[in-house]
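**Q** Below are the chains, spelled out letter by letter.
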Amino acid sequence: MIPIVYNVRSVVQRPVSTALTALGVGLVVAVFIGMLALANGFGAALAKTGSDKNVIILRKGADSELSSGLGRDVASLIASDPHVAMGADGKPLVSPEVYVLIPLAKSFDTTQIANVVVRGISEQAWQVRNNVTVTEGQKPTSGRAEICVGSRLTKRFPHTGIGQTLHFAGRDWTVTCHFTAAGSAFESEIWGENEQFMPVFRGEVFQSISFRLKDPGAFRRRSARCRPTSA
Amino acid sequence: MKYLGLVLANLGRHKLRTVLTILSVALALFLFASLRSVTTTLAATAQLGGARRLVTTNATGIVFVLPLAYGNRIKALPGVTGLSWANWFGGRYGDGKTFFANFAVDAESYLKMYPEFIIPDDQRAAFLRDRTGALIGKRLLRQFGWKVGQNVTLQGTIFPGEWTFTVDAVYTPSDPSLGDDALVFHHEYFDERIGRAGIAGWYIVEIDDPAHAPQIAKSIDDMFRNSSAATKTGTEKEFQASFATMWGNVSFLMSTIGLAVVFAILLVTANAMMMSARERTGEIAVLKTVGFSDRLLFALIMVEAGAMALTGAALGLGGAKLFYPAISFNGAGFLPGFKVATSTLVVGGLVALGLMLASGLVPALRAAQLPIVQALRKVE
Amino acid sequence: MALVEIRDVYKSFQRDTQKIDVFTGLTLDIEAGSFTALMGPSGSGKSTLLNLIAGLDKPTRGSVTVGGAQVSAMSASQLAAWRASNIGFVFQSFNLLPVLTAYQNVELPLLLTRLSSRERTERVKLALDVVGLADRADHYPRQLSGGQEQRTAIARAIVADPTVMLLDEPTGQLDAKSSQEVLALLQRLNNEFSKTIVIVTHDAHAAERAKTTLHLEKGDLIEKRAAAGVR
Numbered sequence: 000m001i002p003i004v005y006n007v008r009s010v011v012q013r014p015v016s017t018a019l020t021a022l023g024v025g026l027v028v029a030v031f032i033g034m035l036a037l038a039n040g041f042g043a044a045l046a047k048t049g050s051d052k053n054v055i056i057l058r059k060g061a062d063s064e065l066s067s068g069l070g071r072d073v074a075s076l077i078a079s080d081p082h083v084a085m086g087a088d089g090k091p092l093v094s095p096e097v098y099v100l101i102p103l104a105k106s107f108d109t110t111q112i113a114n115v116v117v118r119g120i121s122e123q124a125w126q127v128r129n130n131v132t133v134t135e136g137q138k139p140t141s142g143r144a145e146i147c148v149g150s151r152l153t154k155r156f157p158h159t160g161i162g163q164t165l166h167f168a169g170r171d172w173t174v175t176c177h178f179t180a181a182g183s184a185f186e187s188e189i190w191g192e193n194e195q196f197m198p199v200f201r202g203e204v205f206q207s208i209s210f211r212l213k214d215p216g217a218f219r220r221r222s223a224r225c226r227p228t229s230a
Numbered sequence: 000m001k002y003l004g005l006v007l008a009n010l011g012r013h014k015l016r017t018v019l020t021i022l023s024v025a026l027a028l029f030l031f032a033s034l035r036s037v038t039t040t041l042a043a044t045a046q047l048g049g050a051r052r053l054v055t056t057n058a059t060g061i062v063f064v065l066p067l068a069y070g071n072r073i074k075a076l077p078g079v080t081g082l083s084w085a086n087w088f089g090g091r092y093g094d095g096k097t098f099f100a101n102f103a104v105d106a107e108s109y110l111k112m113y114p115e116f117i118i119p120d121d122q123r124a125a126f127l128r129d130r131t132g133a134l135i136g137k138r139l140l141r142q143f144g145w146k147v148g149q150n151v152t153l154q155g156t157i158f159p160g161e162w163t164f165t166v167d168a169v170y171t172p173s174d175p176s177l178g179d180d181a182l183v184f185h186h187e188y189f190d191e192r193i194g195r196a197g198i199a200g201w202y203i204v205e206i207d208d209p210a211h212a213p214q215i216a217k218s219i220d221d222m223f224r225n226s227s228a229a230t231k232t233g234t235e236k237e238f239q240a241s242f243a244t245m246w247g248n249v250s251f252l253m254s255t256i257g258l259a260v261v262f263a264i265l266l267v268t269a270n271a272m273m274m275s276a277r278e279r280t281g282e283i284a285v286l287k288t289v290g291f292s293d294r295l296l297f298a299l300i301m302v303e304a305g306a307m308a309l310t311g312a313a314l315g316l317g318g319a320k321l322f323y324p325a326i327s328f329n330g331a332g333f334l335p336g337f338k339v340a341t342s343t344l345v346v347g348g349l350v351a352l353g354l355m356l357a358s359g360l361v362p363a364l365r366a367a368q369l370p371i372v373q374a375l376r377k378v379e
Numbered sequence: 000m001a002l003v004e005i006r007d008v009y010k011s012f013q014r015d016t017q018k019i020d021v022f023t024g025l026t027l028d029i030e031a032g033s034f035t036a037l038m039g040p041s042g043s044g045k046s047t048l049l050n051l052i053a054g055l056d057k058p059t060r061g062s063v064t065v066g067g068a069q070v071s072a073m074s075a076s077q078l079a080a081w082r083a084s085n086i087g088f089v090f091q092s093f094n095l096l097p098v099l100t101a102y103q104n105v106e107l108p109l110l111l112t113r114l115s116s117r118e119r120t121e122r123v124k125l126a127l128d129v130v131g132l133a134d135r136a137d138h139y140p141r142q143l144s145g146g147q148e149q150r151t152a153i154a155r156a157i158v159a160d161p162t163v164m165l166l167d168e169p170t171g172q173l174d175a176k177s178s179q180e181v182l183a184l185l186q187r188l189n190n191e192f193s194k195t196i197v198i199v200t201h202d203a204h205a206a207e208r209a210k211t212t213l214h215l216e217k218g219d220l221i222e223k224r225a226a227a228g229v230r
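Protein chains in written order, with numbering that gives the first Met the number 0: chain A, 0 to 230; chain B, 0 to 379; chain C, 0 to 230.
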């Protein structure tokens with residue numbers, strides 16, 4: 000029998016010192032966990048944002064979506080590729096996307112500007128990126144200056160409520176829906192129709208094309224085929 | 000002073016405990032100084048440029064370009080004494096793991112715009128003459144082992160392909176916040192390779208009088224408000240500051256971590272002092288018997304706590320001050336001119352003082368108030 | 000006038016809920032230059048009396064006067080200063096500071112004076128000489144034998160040339176030989192240097208060395224016996 004009572008009594012006999020030690024250890028652990036959580040969070044958010052069933056295509060040499068540029072011809076070529084899976088409606092699951100950054104003033108301090116991702120999408124995007132769900136409102140109607148705002152932006156930036164109007168690129172955009180994306184980075188983006196964004200941003204050019212693989216194991220074969228295509 | 004022997008002897012009682020306590024304080028203050036310096040460095044970069052230079056960017060966002068045709072129209076405005084422009088290139092060298100800024104500029108006007116770039120005359124001339132030449136910051140020489148006259152090849156990311164330049168000149172910034180790790184090359188070469196001329200990532204506008212800045216900025220923006228590419232103009236200082244605000248919450252995070260760590264260390268030191276004081280109640284009673292007054296004992300214990308705190312502070316703060324310049328730390332280019340400012344040292348010193356008072360106070364008071372007879376009885 | 004005058008002193012302690020009376024109207028004198036042994040069973044108040052004389056404790060009633068100073072009426076800080084130059088206290092368990100050398104231990108009372116460093120050194124050397132430990136000045140207490148430690152304590156007690164030396168069971172933790180050395184030293188201090196010494200002791204041998212023996216029992220002075228002859 001271990002006389003734990005003895006240990007407890009000795010510790011309790013010096014309450015201040017014991018409390019201080021416990022508090023000190025607690026603080027250090029809290030800070031440590033905080034830092035690990037931060038690092039972990041970055042990794043997790045980025046990892047969740049990708050799917051190993053999808054392929055993303057950027058221009059050769061581009062190190063991120065931002066630096067890339069692909070024409071409509073490339074998008075058509077990819078859509079007709081046999082490795083691309085078909086959706087339930089018989090159309091290829093290909094999502095060409097515009098990707099830019101715009102400055103938005105934050106809610107709590109409008110002098111603080113953050114660069115927010117604006118992503119142009121087509122109808123297919125909602126299926127290709129299948130971890131995305133509309134939580135409120137309706138998807139933007141084709142042909143209208145309407146946008147869908149990611150759930151993480153709604154509290155941090157003003158004018159992002161359903162029905163409100165955000166102003167950027169010299170135009171007014173009506174917010175028609177909010178969406179979540181299983182905790183991935185998409186939740187910090189603003190989505191809208193490609194055709195609406197192209198004229199006000201970089202013209203007739205996509206930054207990336209993503210598609211669902213018919214056979215996920217075929218990635219290696221597919222990437223070998225991509226190489227000769229220069230854009 | 001004559002009590003020094005007594006103070007030192009007491010500190011040497013448990014050398015390991017004293018050393019560990021001093022090291023904890025030193026570590027806490029080193030961390031504090033480092034974290035605070037991130038904040039002060041960002042603030043310093045936000046001070047850069049003064050209001051003599053304005054920066055004009057595309058209002059839609061910094062990733063969008065402006066037509067080169069805007070240049071002449073801006074130059075024609077009253078109060079504008081100089082104009083240059085640049086294009087972000089975003090090239091990578093080698094494995095691409097070491098980031099550095101690189102952009103295409105209108106070389107002659109750019110160098111005139113930035114007298115802070117100190118370049119030897121012969122190198123300056125060579126760079127201006129050479130269409131495929133590059134001007135690099137001093138740090139890049141060391142980072143990549145480049146030499147003047149050497150060819151370097153960057154991988155284009157936004158503008159794909161292999162881009163080869165000749166290192167013609169090296170600049171040293173007279174203001175460290177300007178950063179010393181950029182690569183700058185000629186827009187003519189850039190225009191040629193990408194096949195379309197006429198774009199400018201941003202304009203730098205020199206004005207006659209900083210007081211005219213708001214007015215001139217407004218004139219520029221008004222001029223292009225209804226064009227295909229609206230502009231946003233502000234002083235260079237504001238432009239830099241906007242980058243610093245992107246760090247926004249990071250500053251707050253640093254401060255919070257810094258404070259939490261310092262507080263944790265305070266508890267450690269206080270605990271060490273109390274442990275030590277508790278062991279000595281008997282001795283304190285003996286000293287009081289010999290005739291040491293309550294006040295004297297209070298002071299002696301405070302001095303002990305103070306000695307440990309101040310030694311730790313000197314090690315931690317001094318260490319931080321010497322360490323970062325020794326490794327030429329600049330936060331991978333994002334914290335140019337990183338240094339431990341005097342204000343940080345002062346605040347750090349005050350923190351150490353606070354540490355001393357807080358950790359020494361309770362044991363010192365206890366010693367002062369120790370009832371002699373009861374304490375003696377425990378001893379015998 | 001006697002050096003130490005105890006007049007109608009009452010002293011009681013509160014131990015938990017019990018009130019214990021140690022002295023109820025004690026009166027006695029101690030002459031200057033005397034060597035007095037205080038004997039008596041445990042609880043008779045011997046140590047308490049010593050504490051009263053040293054100003055470490057205050058009587059509940061009555062007065063204690065030492066060398067003309069009314070110790071029982073002084074404040075704590077006044078007492079500290081007074082003790083430094085008037086009292087030399089020696090404990091049963093030596094009570095040397097383990098972190099200080101013999102020299103530094105003996106020097107302690109002198110730190111409270113205005114003497115210069117050189118003057119202090121002179122006095123410390125003298126004191127150590129008198130107790131026969133001049134060659135051990137740089138030794139730490141753990142490097143000294145019991146007898147040597149006690150002699151160092153005695154040196155500390157005399158270095159400031161106090162009015163009266165008070166020793167509480169000085170030979171209690173010493174072997175026979177060391178006890179003899181210490182007692183012989185005390186006798187010498189009394190005979191050659193005319194030091195007033197009061198020792199509390201159980202040891203009959205120690206009492207023999209003293210010139211006067213006082214017996215205390217339950218706080219009362221039972222008898223006062225002068226030693227047969229003077230050595």
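For the record, the hints were derived by calculation from the structure and aren't laboratory data. Be a bit skeptical, because a hint or two may be false.
Covered stretches of chain B (in silico footprint by chain A; criterion: 3 or more residues with CB under 8 Å from a CB of chain A, positions within the stretch not fixed) [said to hold, decoys possible]:
#1 128 to 141
#2 148 to 157
#3 254 to 262
#4 342 to 351
In the DSS-like style, the derived pairs of lysine-lysine whose C-alpha atoms are separated by at most 30 Å in a straight line are [claimed, not checked]:
#5 C:K124 <-> B:K1
#6 A:K52 <-> B:K96
#7 B:K14 <-> B:K1
#8 A:K105 <-> B:K231
#9 B:K338 <-> B:K320
#10 A:K105 <-> A:K59
#11 A:K52 <-> A:K105
#12 C:K18 <-> C:K176
#13 A:K47 <-> B:K1
#14 B:K14 <-> B:K111
#15 A:K154 <-> B:K231
#16 A:K105 <-> B:K217
#17 B:K111 <-> B:K338
#18 B:K320 <-> A:K59
Built from N, CA and C at the ideal position, the CB exists for glycine as well.
**Q** If a hint holds in the structure, say so; if it does not, say that too.
**A** Hints, one by one, checked against the model:
Beta-carbon proximity to chain A at under 8 Å applies to 0 residues in the region 128 to 141 of chain B; the threshold of 3 is not reached and the given coverage is violated. Remark: the region 148 to 157 of chain B is confirmed as covered by chain A, as 4 of its residues place a Cβ nearer than 8 Å to a Cβ of that chain, reaching the required three. Counting residues of the region 254 to 262 of chain B whose C-beta sits closer than 8 Å to any C-beta of chain A gives 4, which meets the bar of three, so the coverage hint holds. Beta-carbon proximity to chain A at under 8 Å applies to 0 residues in the region 342 to 351 of chain B; the threshold of 3 is not reached and the given coverage is violated.
With a C-alpha separation of about 17 Å, the suggested pair K124 (chain C) and K1 (chain B) falls inside the 30 Å cut-off, and the hint holds. Of the pairs offered as hints, the one joining K52 (chain A) and K96 (chain B) holds, with about 28 Å between alpha carbons and a cut-off of 30 Å not exceeded. Distance check on the hinted pair: K14 (chain B) and K1 (chain B) sit about 22 Å apart at the alpha-carbon level, within 30 Å; holds. Distance check on the hinted pair: K105 (chain A) and K231 (chain B) sit about 18 Å apart at the alpha-carbon level, within 30 Å; holds.
Distance hint between K338 (chain B) and K320 (chain B) is fulfilled; the C-alpha atoms sit about 7 Å from each other, no more than 30 Å. In summary, the hint linking K105 (chain A) to K59 (chain A) is not supported, as the alpha carbons are separated by about 35 Å, beyond the 30 Å threshold. For the hint pairing K52 (chain A) with K105 (chain A), the CA-to-CA distance comes to about 35 Å; that exceeds 30 Å, so the pair is violated. A threshold of 30 Å between alpha carbons decides the hint, and for K18 (chain C) with K176 (chain C) the separation of about 41 Å lies outside it, so the pair is violated.
Proposed proximity of K47 (chain A) and K1 (chain B) is contradicted: the alpha carbons are some 67 Å apart, above 30 Å. In summary, the hint linking K14 (chain B) to K111 (chain B) is not supported, as the alpha carbons are separated by about 61 Å, beyond the 30 Å threshold. Proposed proximity of K154 (chain A) and K231 (chain B) is supported: the alpha carbons are some 26 Å apart, at most 30 Å. A threshold of 30 Å between alpha carbons decides the hint, and for K105 (chain A) with K217 (chain B) the separation of about 23 Å falls inside it, so the pair holds.
Only pairs whose Cα atoms come within 30 Å are accepted, and K111 (chain B) paired with K338 (chain B) is accepted, the gap being roughly 28 Å. Pair hint K320 (chain B) plus K59 (chain A) does not hold up; C-alpha atoms about 44 Å apart against a cutoff of 30 Å.
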